[in-house]
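S.K.: Could you put the whole structure together from the sequences, leaning on the hints where they help?
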Amino acid sequence: MKLAKSYFADERKDDLKELGKGLQRSDVPGHVTGKTSYFADRTFPGMLYLKMVRSPHDHARIRSVDLSEAEKHPGVHRILTHKDIPHNLYTILILIQVGPEDEHVLAEDKVRWKGEAVVAVLADSERAANEAAAKVKIDYEVLPSVLDIESALAPGAPVVNEHHGQNFYMYDSGASRKVRFGDVEKGFAEADHILEQTYWSSPIEQAPMETTGCIVAPEGNDRFTCYTNTQAMFFTLDNTSIILQMPGHKLHMVGGTVGGGFGGKVDVTVEPIAILAAKLTGRPVSFIYSRHEEMQISSPRAAEKIVLKDGVMKDGRIVARQVWGYTDAGAYSRHSPYGAQKGAAHYPGPYTIPNVWVDTFCVYTNRTPSSAMRGFGVTIADFALEVQMDKLARLIGMDPLEFRFVNAYRDGDMKAHRQETTGAALIECMQEASRVANWPVAEKYLKMSSYKES
Amino acid sequence: MPLALKTCSTIAEAGAALKDGGARYIGGGTLVVRAANEGDVSLSTYVRSTDPVLSAIKVEAGRATLGASVTMSSIARHPDLSAIAGAAKAVGGPAIRNMATVGGNLFAPAPYGDFAVALLALDATVHTTTGDFGIEDFLAGRDGKVVASVSFDVPSAEKFRFAKISRTKPKGVSVLSIGAVLEPDANGKVKSARIALGCMADRPIRARAAEKALAGATLREEDVAPAVAAVGEGVQPITDAIASAWYRAEVLPVHFRRLLLE
Amino acid sequence: MAIRRGRGVAAINYPTGMNLGGDPSQALVHSTPTGNFMVTLSSVDLGQGLRQVMAQICAETIGVKTDQVIIDTADTDTGPHCMGTFASRGTHRIGNAVIQAAKEARQVMLEVAAEALEVDAGDLDTDGEGNIHVKGAPQKAISIFDTALMAHFKLGRSISGRGMFLVPRSYPEVETGAMKPSTCYAHACTVAEVDVDDETGEVTVVSVKNVFEIGRALNPRMVEQQLVGGSWMGMSHALYETTEPYYPSRDHAGTDFNEYLMPGPGDIAPTEIVVLERPAADGPYGAKGPGEMCANPQIPALANAVFDAVGVRIDTMPITPERILRALKEQRAA
Amino acid sequence: MAKVPVQFTLNGEEKAEFVDSGATLIKVLRDKLGDTSPKGGCNQGTCGSCSVIIDGELKLSCLTLAETCNGVEILTNGGLAKDGVLHPLQRSFIDEFAAQCGFCTSGMIMAAKALLDRNPNPSREDVVDALSGNICRCTGYEPIIRAVLTAARSNSQNAA
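Protein chains in written order, with my numbering: chain A, 1 to 454; chain B, 455 to 716; chain C, 717 to 1050; chain D, 1051 to 1210.
Just so you know, these hints were derived from the structure itself, not from any lab.
A quick note: this is a predicted structure, and the numbers were derived from the prediction, not measured.
Some hints could be false.
[Claimed, not checked] Not close to chain C: a few residues of chain B, all C-beta gaps over 10 Å, as computed:
#1 Thr504
#2 Glu590
#3 Thr693
[As the list claims (entries may be wrong)] Below, computed lysine to any residue pairings styled on SDA-like, alpha-carbon distance capped at 25 Å:
#4 Lys110/A to Ser965/C
#5 Lys1045/C to Arg478/B
#6 Lys135/A to Glu108/A
#7 Lys35/A to Gly1062/D
#8 Lys460/B to Thr1059/D
#9 Lys17/A to Gln823/C
#10 Lys135/A to Arg478/B
#11 Lys391/A to Arg723/C
#12 Lys137/A to Lys460/B
#13 Lys623/B to Asp911/C
#14 Lys17/A to Asp788/C
Even glycine gets a Cβ: it sits at the ideal position worked out from N, Cα and C.
M.R.: See the structure below:
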């Protein structure tokens, strides 16, 4: 890695003593000797293992649940169903008033995705829990399902989640989060060329090396210590408090070093049920996702469909951009309504475009609920935007890098979501890229600057 | 019931123990212990045999006999087996190669079992507790058999070719694998060929049409074209997370041609 | 058979933080009797080195060595609230809270030292080596060790500080979408080169050249860790990763690291990284969040490089050999 | 549950335990013997985080039954540092910033040790092959490859 100090040198004082130095990480000696403690590096006498019985169907009504054989299985201590959960219907972003509550901790009448949790078995060994789980009998009536954005939004599609009523999230602005800037129709009318293209992605797993999980130990005073690898301690504590209707002071979350997150550990899917299990059995409880669960049950990065329509002039200026962005939330909201609207502000990309129209939708399907991942709401948008930029440049016969200089935002430019650009540095990044990649551009672009023109 | 390990001193004893419900033979553990770890409750007893014969490698008069417990890394390291080392190294990373056994590989469902592809090309004989089988017959009815060893004529390095195509490097699951034994005649043409394919069915299969088309050919682009065109005859490639049947069928001739011309 | 080379470029920006819900983090700082400093947080270190960078920020602000700072974090019984480690907010939000707490603690520390030296606290400075001295008169000094002892045992003062950094919630305007979803933006431009095998659709990444602008590299070696790993993940997203290879069908969904594809150590391309620093006005010592944006520009750069190589557009992620081969066959048929 | 005796040496110390028949080695190392350096990243044999060296060979402790380890010598990363002195690989992983979350690190170091024990002067290609069964999600592998090569170089310098 090279620090290119010549850029923005006037904005930077190099007078720091402890910062700006590549000091050794204090935690790494622990990592390299295997001494760093992760949540699962502890055992407790009498610990129970939680095994989740999950839906084998994308969408089904639960006719009945028969636990009689499973409960008799040797080593089983308790089996939890939705009836045991004090506040079974939840949604994690309720903490920032983004409702409605739309997801069951344990399924009640229906399952809405293949893998949804229905029954939690607690036994004194993993083996006994697995064996008992195999004896849980659930009678399902399979329902029609929708597995992608287009079929979910088609007329007459089965409703995925009744708490929403329709297969998309309803924002205060309606079916989509809107950004309206300038006059996009006027822009298209003026444009020399118009290009409309559609981009897709399928779900991506965060795949941290350490799977999601927690170990709960009752403290003996009706408080519970939960050793967890959540990415957000109080987010987990406060959601657990709501789900278990347990005052926050009864809960003690302890994290430590997490074996990678990448957004995969921001949902609250293991702690509430494990704490409840510890409370109801009086025993320490371990609930750790298998790798199979981490890959297919934990929330992935959402599948997206993005339609971009751009109006461009022969000289390279983009004069209008219209965007329809669809985020496949899966069966439940989790963080997706947030991610979809974060995308709405992002779509013009790092370019100044006078006329912008964005609609982003959060769509429900019978898939594993999606959630945050590194680059949440932005990564797939950047794929679409920057492939589109390449196509636009070729369409007008311009060098793709020079085309970006023509449109790059600079300090003082107004973005579509009505924030004035400050601290821009795109032009300088491209200038340096032109040099390191030996991708020549015209001299005038190398003389440009992100600074506000006086 | 809890899991248990039953250790037998002979392969015959192990064969008998495997008749019990829930019993599975454990070689390197890469298939069976994984299944138990993943909650396969149909498995309750691991059966193993400590019979030293099972871990023996014997090479005599050009014929190799590999005990069922012989690992991929011991094959890859064996001085008399250098011609087929590439096929043994194609299996897994170093730890898996130190654990995965010849016996286990014969039972591994596609896309696993790359070494069995090599054994099929080598026309190996599989020695089981219920008799000796040609490898094709063995593969066709492998369920329930207990393997003691395999034997085959060790080819010269020039005769044996092996390719494994993966999405990830240097180690990854097979998109496909190809094993070939090419017997040259006095003029440098192919006298006879034995071609085995992995991932082109649920277990290794032979490419008989290609074998036939290669007879009498030189290993030049224009000469191998008929064999390349025929290599996909009768294949039913698997579809899995790595690749679709369509893709496997499309690239099989490409990789086969490259293997012949390398 | 032909191996065809192509290159592509992409440029991006990336927002720091998640203001659409309100974005607070807190920090507490106190000194021990011998002048070490304890930073108490509830923030989670996911492996990116949050503890180390917070220790450096605290040390810089108070004027001590980094190894004199201990980070106590991720315990809800002791640590004050933090929204969480996501949205590239860690360094920025928590760093700002640590600065505020450290400044308050530093002020008390200087007041104690001022009393010892019988000068005005405003005339004092730290030397970064464990001493407090009168500006312009380095010989008139007291060690931080003695200052802390004095605070504890003579003056009865707590050398401590509270830090709270809140980016207030932004509510998007319903009709126009006017909103402030984040604070400062990081930037990047990537040029990627690929070889595409036009018989198999296989892509070999030949080189990746990344330029990142991240405000300030507070610990350049740790920044490099993020950027190198992120660049790999971007390549992985572009060419390999999905839980659902036949999306929207759920068949053949991967359940392990054999089936969930990511580039192995034999697939990595020579990667060059250049870092630019334009300090963010609201960033801790100018820093922005580098952790997420570094994995984004490689994806479109590689997609564009594939097009440059073989003339087919794969507009669906990931760009697999199968998708490329199908497109090439359509191209030849056309 | 049937308990069976098992005896082996772990990082040079003799251990004797009664374990569940069918218990995996990783479970015994972590839960019974308190050596949590092997990590259960997948318990499928696909990630390498649980790698240990048994009688000189790299093995996956998640797929190894403890009961089959009678009489063997087991080395884990938890025992590599001697008298507080880091192993050269541990040192080079620090110097090259080759660990981020640290979860894969012990497995990586054992895979690298298995290589260097057989081949003290590996090429880059040898290192890549040696690490090929171990997944890392943070680093992009390059710093790890560099760390192994650095350790090999420092070893050969020390030997010279």
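S.K.: Can you give the numbers of the hints that this structure goes against, from lowest to highest?
M.R.: 3, 5, 12
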